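Protein chains in written order, with my numbering: chain A, 1 to 115; chain B, 1 to 538.
Derived from the structure by calculation, the hints contain no laboratory data.
All figures in this text were calculated on a predicted structure; none of them were measured in a lab.
Note that CB positions come from ideal geometry on N, CA and C, so glycine has one too.
Please note that the accuracy of each hint is not assured.
Unchecked claim - These stretches of chain B come out as covered by chain A in the derived footprint (C-beta under 8 Å, 3 or more residues):
{"hint": "1", "segment": "135-145"}
{"hint": "2", "segment": "493-504"}
Stated by the list, open to error - Below, computed lysine-lysine pairings styled on DSS-like, alpha-carbon distance capped at 25 Å:
{"hint": "3", "chain 1": "A", "residue 1": "Lys96", "chain 2": "B", "residue 2": "Lys95"}
{"hint": "4", "chain 1": "B", "residue 1": "Lys178", "chain 2": "A", "residue 2": "Lys96"}
{"hint": "5", "chain 1": "A", "residue 1": "Lys91", "chain 2": "B", "residue 2": "Lys95"}
{"hint": "6", "chain 1": "B", "residue 1": "Lys435", "chain 2": "A", "residue 2": "Lys91"}
{"hint": "7", "chain 1": "A", "residue 1": "Lys96", "chain 2": "B", "residue 2": "Lys454"}
{"hint": "8", "chain 1": "A", "residue 1": "Lys91", "chain 2": "A", "residue 2": "Lys103"}
{"hint": "9", "chain 1": "A", "residue 1": "Lys104", "chain 2": "B", "residue 2": "Lys435"}
{"hint": "10", "chain 1": "A", "residue 1": "Lys78", "chain 2": "B", "residue 2": "Lys53"}
{"hint": "11", "chain 1": "A", "residue 1": "Lys63", "chain 2": "B", "residue 2": "Lys435"}
{"hint": "12", "chain 1": "B", "residue 1": "Lys435", "chain 2": "A", "residue 2": "Lys103"}
{"hint": "13", "chain 1": "A", "residue 1": "Lys104", "chain 2": "B", "residue 2": "Lys178"}
{"hint": "14", "chain 1": "B", "residue 1": "Lys269", "chain 2": "B", "residue 2": "Lys282"}
{"hint": "15", "chain 1": "A", "residue 1": "Lys53", "chain 2": "B", "residue 2": "Lys125"}
{"hint": "16", "chain 1": "A", "residue 1": "Lys96", "chain 2": "B", "residue 2": "Lys513"}
{"hint": "17", "chain 1": "B", "residue 1": "Lys95", "chain 2": "A", "residue 2": "Lys53"}
{"hint": "18", "chain 1": "A", "residue 1": "Lys91", "chain 2": "A", "residue 2": "Lys17"}
{"hint": "19", "chain 1": "B", "residue 1": "Lys95", "chain 2": "B", "residue 2": "Lys125"}
{"hint": "20", "chain 1": "A", "residue 1": "Lys10", "chain 2": "A", "residue 2": "Lys103"}
{"hint": "21", "chain 1": "B", "residue 1": "Lys269", "chain 2": "B", "residue 2": "Lys254"}
{"hint": "22", "chain 1": "B", "residue 1": "Lys435", "chain 2": "B", "residue 2": "Lys379"}
{"hint": "23", "chain 1": "A", "residue 1": "Lys101", "chain 2": "A", "residue 2": "Lys91"}
{"hint": "24", "chain 1": "B", "residue 1": "Lys379", "chain 2": "A", "residue 2": "Lys78"}
{"hint": "25", "chain 1": "A", "residue 1": "Lys91", "chain 2": "B", "residue 2": "Lys282"}
{"hint": "26", "chain 1": "A", "residue 1": "Lys96", "chain 2": "B", "residue 2": "Lys254"}
{"hint": "27", "chain 1": "A", "residue 1": "Lys101", "chain 2": "B", "residue 2": "Lys379"}
{"hint": "28", "chain 1": "A", "residue 1": "Lys78", "chain 2": "B", "residue 2": "Lys125"}
{"hint": "29", "chain 1": "A", "residue 1": "Lys78", "chain 2": "A", "residue 2": "Lys10"}
{"hint": "30", "chain 1": "B", "residue 1": "Lys394", "chain 2": "B", "residue 2": "Lys435"}
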Amino acid sequence: MVSEERKNSKITVSTIKQVVCTAAMECFGVVGIANIPGADSIVYLLTNEEWSKGVRVSAGSDKKIHIEVFVILEYGMKMETVCENLSDAIKYNVEKQTGVKVKKVTVNVTSVRVM
Amino acid sequence: MKAMDTDELKAAVLSGYANLENNKEYVNNLNVFPVPDGDTGTNMSLTMQYAVKAVTESNAKSPDGLISAAANGALMGARGNSGVILSQLLRGFSKTCMGHDKLDIELCANALNAATQMAYKAVMKPTEGTILTVARGMSEFAMAHYTEYENPVEFFSEVLEAGRVILSKTPEMLPVLKEAGVVDSGGCGLIFIMEGILASMKGKTVGISDGSTAMDHDQIDLDGEFDYTLEFTIVTDGSKSYQKTVIDKLMKIKGCADPNVMEKGSSIKVHILSNEPWNVLKTATAFGTVRHIEIIDSTDLDDALLPETDEPKIEYSREHTDYVIISVSSGKGLSSIMKDLGVTYIVEGGQTMNPSTQDFMEIIDNTDADNYIILPNNKNIILAAKQTCDISRKNVAVVESRNIPQAISAMLGFDPEMSLEDNVAAMSENMATVKVGQVTFAVRDTSVGGSTIKEGDIIGIVGSDIVACENNAFTAVMDIAEQLVDEETSILSLYYGCDVTETDAAVMENKLKKKYPDLDVEIFSGGQPLYYYIISAE
C-alpha cells in the first residue's frame, strides 16, 4: 500500500481513491465510474460503495503517485476535453486535499452512455 | 406570434459571440485563482468561435438547421469545463428545435428547458453556483412564464433578467466564490452571450471590438470637445474616503467632464477632461498634496493615437534555410536573449495578448524553410500554435513551452543538423529539466488555502500554485528560490521585468548569491510586463 508519510499522519490509498471519485462525480460529462476491466472484459457501472474499484493508485517515481481511473462519459461531448478537465480536477483535488503529489493521471473511457 | 428567421438568428449568434469576446477579459478576471491568467472567458469564447464559424459556413435554410450547426461547431471546439457545458447546452437546445421551422416563444422556452436538462444529465453530482445554476434559473423562469408573453424581445429580456438574478446569488451557493468575492465566471460568460443575442433581437447587433479600442474611441470623441486631459494624484491624510466629495467638487467646476476618480488608501488618482485645468488643480489642492500632474493637450492626444495603425512590419528573409524557429515573447530583453539563442522570428505576445494562428501562419507563409518550430511560451497560446501545425502544409512542429525560461532551455537543445522529430524530442527533454517560478501581483482580493491575498500583494507562483504572498518582491523571490532549488540545481537564472529598476535587480542578485553560494546565479533584463521576476532553476 502506498502512503505518503507526513509528520504524524498517513494518507491511505482508499482516501486518495475517495478524493478521485468525488472529483470525477463533480466533473461535467462524467456519468459513471466503471470497474477496472478484468479478464472477462465486461464493463460494470459501479454503485457508490464500489467506486474505489474503478480507480488504481500506484507509486510513481520521486515520491509521486500515478492515478488511473475508468469512467463512463455522456454521449455527445468532446471526450478529449472532458478527459482533460477530469484529469486536471483529479490532480488539483488530490494535491490540494491530501498533499500527495500526483505525477500522472490516466483517464480511461470504458463506455459512453447514450440516451 | 412573431418568430425569428434564419438571418436574424445568424446575426443573433454572432452578436452573442461578439459580446462574450468583448468581455472575455472581464470573465477571465472572475476566475477564482488570483493571478492574471484565468481562462474561463477565453475558453468559452473559443468554443463560441467554433459555433459561429459553423453557423457562417452553414447554408441551412431553417432555424433548426442553423442551431444544429452551431451546436455541432461548439461540440467540436469545446475547450475547458465551461466550454463543454456550453456545447452541451447548445446541443440540448438544438435537439428540441429539430423539426420546427419557426422558433417562437413556446419552442424557445422548451428548448431552454431541454438545454438545462441535457446539461444536468451529463454530471453525476452537479455543483450549484455555477454556469449550470444560471442556465437552470433562466429555463425555469422561461417555462413558468412563457404563456404570459407575446413579444419575443420582452420575453427574452425577462429571461435574461432572471439569469442575472441567479448569477448574483452564486456566491451564496459556492463558498469559494464568496471567499474570493466574485460571481461565477462561467455563468457570467453565459449571461454575456445572452446579452449579445438580446441586443441583436432589438436590432443592435454587437460587433467585435478590438480589445480596449472601443473605449478609447469613446474617449477620443469626448476629448474633441475639451482642450486638455488632466491626470494627477492627490495624496490625502487617508483618514476617510474622499472619493465622493472629490467627484462632487470636480463636477461643479465649469468646463469639466468625465471625471474618473480612483481612491486607494491615502492616494486618489484623477483623470478628467477640462478647458480650465488650473481651476481643477486649485480644487484638488483642497484635499491634500497634488502630485504627478500631467496635462495633455487634446490635439496632441489625437495625433498620438493615430500612428497606432502603422504597425511595424516584420521583415521576412526570402532566403532558404533548414529551420525557422518562431517564439512568442514580450519584453525587449527576453526577445533579444531569444534571438541570441537562434530564434528566427519573435511574435509579440504573452499573458494579456495572445497571438493567433494567423500571426504564426503569416511568418510561415512568407518565409522559405524546410522545417518550422514554434515555441508558444504560454499555455493559452499552445492551442493556436498547434492549429498552425494542422493548417499549414509545411513541416511545422510545436514544442509546448509554457514560459520563457522553458523556451530558453529548449533552445539549448536545438541542433540544426538533426531532423525535426529529433529536435522536438531533444528540446522537450531539455525543457523538462527547468523549474520555473514567477513573481507577479494579485489582481484582486481573494483567499487561497486559508491565507488571505489582497489586491496589489506580491505573489509567487510555481506551476499554477501560489507559493508565496508577500508585500515585497524580494521576499517572494527568496520564497520561490527556496521551492525551486534542490540538490540537482546548478544554475539559477533571474529575468527581471520592465517594472523593476536595475538597482533593485542588483540587490536581488546579491541576496541570491549570498544565500546560494554554490550556485551560478545569473541575472538578465527581461523587460517583460506583468511579471516582476521570472526565476528558473536547472
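So, going through the hints one by one against the coordinates:
no. : hint                  : result
1   : 135-145               : violated (count 0)
2   : 493-504               : violated (count 0)
3   : A:Lys96 <-> B:Lys95   : 39 Å, violated
4   : B:Lys178 <-> A:Lys96  : 19 Å, holds
5   : A:Lys91 <-> B:Lys95   : 34 Å, violated
6   : B:Lys435 <-> A:Lys91  : 19 Å, holds
7   : A:Lys96 <-> B:Lys454  : 21 Å, holds
8   : A:Lys91 <-> A:Lys103  : 9 Å, holds
9   : A:Lys104 <-> B:Lys435 : 17 Å, holds
10  : A:Lys78 <-> B:Lys53   : 17 Å, holds
11  : A:Lys63 <-> B:Lys435  : 17 Å, holds
12  : B:Lys435 <-> A:Lys103 : 15 Å, holds
13  : A:Lys104 <-> B:Lys178 : 31 Å, violated
14  : B:Lys269 <-> B:Lys282 : 16 Å, holds
15  : A:Lys53 <-> B:Lys125  : 19 Å, holds
16  : A:Lys96 <-> B:Lys513  : 33 Å, violated
17  : B:Lys95 <-> A:Lys53   : 35 Å, violated
18  : A:Lys91 <-> A:Lys17   : 12 Å, holds
19  : B:Lys95 <-> B:Lys125  : 23 Å, holds
20  : A:Lys10 <-> A:Lys103  : 19 Å, holds
21  : B:Lys269 <-> B:Lys254 : 20 Å, holds
22  : B:Lys435 <-> B:Lys379 : 16 Å, holds
23  : A:Lys101 <-> A:Lys91  : 8 Å, holds
24  : B:Lys379 <-> A:Lys78  : 20 Å, holds
25  : A:Lys91 <-> B:Lys282  : 58 Å, violated
26  : A:Lys96 <-> B:Lys254  : 57 Å, violated
27  : A:Lys101 <-> B:Lys379 : 21 Å, holds
28  : A:Lys78 <-> B:Lys125  : 20 Å, holds
29  : A:Lys78 <-> A:Lys10   : 38 Å, violated
30  : B:Lys394 <-> B:Lys435 : 32 Å, violated
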